[in-house]
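K.L.:
So the chains spell out like this:
Protein chains: 4
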Amino acid sequence: MSSSQESPQLPTTAITANNTLKATTERWFEYSVRVQPHHTDYAGIVWHGTYLTWMETARVEYLRSIGIDFADLIRLGCDIYVVDLSLHYHRGLQLGEIAIVKTRMTEMTGVQMYCDYRIESSDRQQVYVTGKVTLVAVDLEKGKIMRQLPPAVQDAFIKMLE
Amino acid sequence: MSSSQESPQLPTTAITANNTLKATTERWFEYSVRVQPHHTDYAGIVWHGTYLTWMETARVEYLRSIGIDFADLIRLGCDIYVVDLSLHYHRGLQLGEIAIVKTRMTEMTGVQMYCDYRIESSDRQQVYVTGKVTLVAVDLEKGKIMRQLPPAVQDAFIKMLE
Amino acid sequence: MSSSQESPQLPTTAITANNTLKATTERWFEYSVRVQPHHTDYAGIVWHGTYLTWMETARVEYLRSIGIDFADLIRLGCDIYVVDLSLHYHRGLQLGEIAIVKTRMTEMTGVQMYCDYRIESSDRQQVYVTGKVTLVAVDLEKGKIMRQLPPAVQDAFIKMLE
Amino acid sequence: MSSSQESPQLPTTAITANNTLKATTERWFEYSVRVQPHHTDYAGIVWHGTYLTWMETARVEYLRSIGIDFADLIRLGCDIYVVDLSLHYHRGLQLGEIAIVKTRMTEMTGVQMYCDYRIESSDRQQVYVTGKVTLVAVDLEKGKIMRQLPPAVQDAFIKMLE
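Protein chains in written order, with the working numbering: chain Z, 85 to 246; chain L, 85 to 246; chain F, 85 to 246; chain A, 85 to 246.
No lab work stands behind these hints: they were computed from the structure.
Honestly, I wouldn't trust all of these hints.
Copies of the same chain are indistinguishable here, so a pair counts whether it falls within one copy or spans any two.
As the list claims (entries may be wrong) - As a list, the in silico DSSO-like pairs of lysine-lysine whose alpha-carbon atoms are at most 30 Å apart:
1. 228 with 216
2. 106 with 216
3. 243 with 216
All values derive from a computational prediction rather than experimental measurement.
Using the sequences and the hints, build the whole thing.
P.N.:
Below, the structure written as structure tokens:
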């Protein structure tokens, strides 16, 4: 991740706890995954908890796509926790099928980030799962919610939302 | 699970899709689990998806406590799918700690069942996770939502809600 | 997967229970994976059981690379079970690192297949895990070990070993 | 876990890298688990990697039974890593069945510990999985294999082997 020194001029105070920034586009980041045996359960379809592993990977790769390396972020002392999660299961996926995990950040308020998810078939004709996840930045040393995001992270998020 | 033939006299039409039965008590079923290494992630606390495995086990043991053996239910051709799930994460659990996974069915409408969850510390002073899960009965052969629960299952649920 | 009708002329009886075919090359199939949060445990490295999910995915993609679609194979009534597994853990992988999961079939005796694994860093300078897995073809309907592989599957394996 | 100060008189140098202590009994520690939906895969039986979660839990509870709290051990700066693992799969377990995970330490050489596993049916008439795991004590701060176990831990192990 680029360090904060590289972008001192950016409006890093744009987002505060009293200040919400909403996405102005509806672009999705797409991550694809094929259903493997360990994703399924006795019913022959994907076990309902497996989707959380796919959504996590999609989120980490989404961050990478906007220039944020999650492992670097943690090394900087900033972790990102899931604080809220809601999923609606529309239809099951079977062994060998390919899912497109679509993610996008819809909003940011202070150190809270809101993401939408849609898990679809590769031809986008079937919707398997839709969901929402709320994330919060945590100071790893203090074990507490951060007051403000590391500037470079915030800047990357603002850039993406605009 | 006792088969439907054993209880023909019970009011099995009590719950239909237009007919909601709400729990009249707030009794929780409690299942306890200790945090093991495979439950945790790099942050040293329970990974956010692990709770779904605990909640599932709690649900299966809850059903057992009211006389429904989940494996028997499946052998009868009736599966129970998670269709909606929402979780709020309040606080992380660490390796070796004990969690009490509290479950209760709050409502039933036709073949849909609504469950509440609270994951607490063993002294009940800390709340780690709260959540809601909606379940639906699925006809395994047809791969579709059932029109009606197997009578003995419905009777067990009604008995528990009352 | 191509059906057996498409290759009647191939020597499908070449491999029997008394008849071992050894690989004549040391080509590895490579599958790469990045360490995600759900792969790790409290120690900050990949949990020792996570590698089995990677090895399984590598195996399924390896089969695909030689023309065998695992889901099709199951639809044909042939499953492949792990019957023996041994792993040696050399070194842990950290969050965000990339692992190359190298797989190759070394031998085939009747319906038993032997695979070697090496999990390495992306520059191939570090070895994280080495292992061996023995697989066996199971007749899904009878629930028993097959007497012979489906011809097209056997042919694909023979071709790859040669 | 009792700290090393409490047992200064014990023969803590009894086990060194050149010095192997073998178990003189064949007592097994038993941990039981019921097969839950998330343990299974599309084949309707326990997924082959699930056993590693059960074996880990059995191992942690086994340590607890001889007075070693795994989380305390880690707080003392001593982690225990799996370095070798071999499993033989005899038979699959189905949803709702109960498995008895039997564990025993067979040998100790320096900071390496050898454990045997047998996963059986509750009536002990079926063997599902047999296996061996080699563990090694790691200094968490240095990230290296320890030269010697914390004295109290070593003493607990010696006591159990004798």
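K.L.:
For every hint, state whether the structure bears it out.
P.N.:
Each hint tested on the structure:
| no. | hint | in the structure |
| --- | --- | --- |
| 1 | 228 with 216 | both (23 Å within a copy, 26 Å between copies) |
| 2 | 106 with 216 | both (15 Å within a copy, 27 Å between copies) |
| 3 | 243 with 216 | within (21 Å within a copy, 35 Å between copies) |
In the structure shown, no violation is registered for any of the earlier numbered hints.
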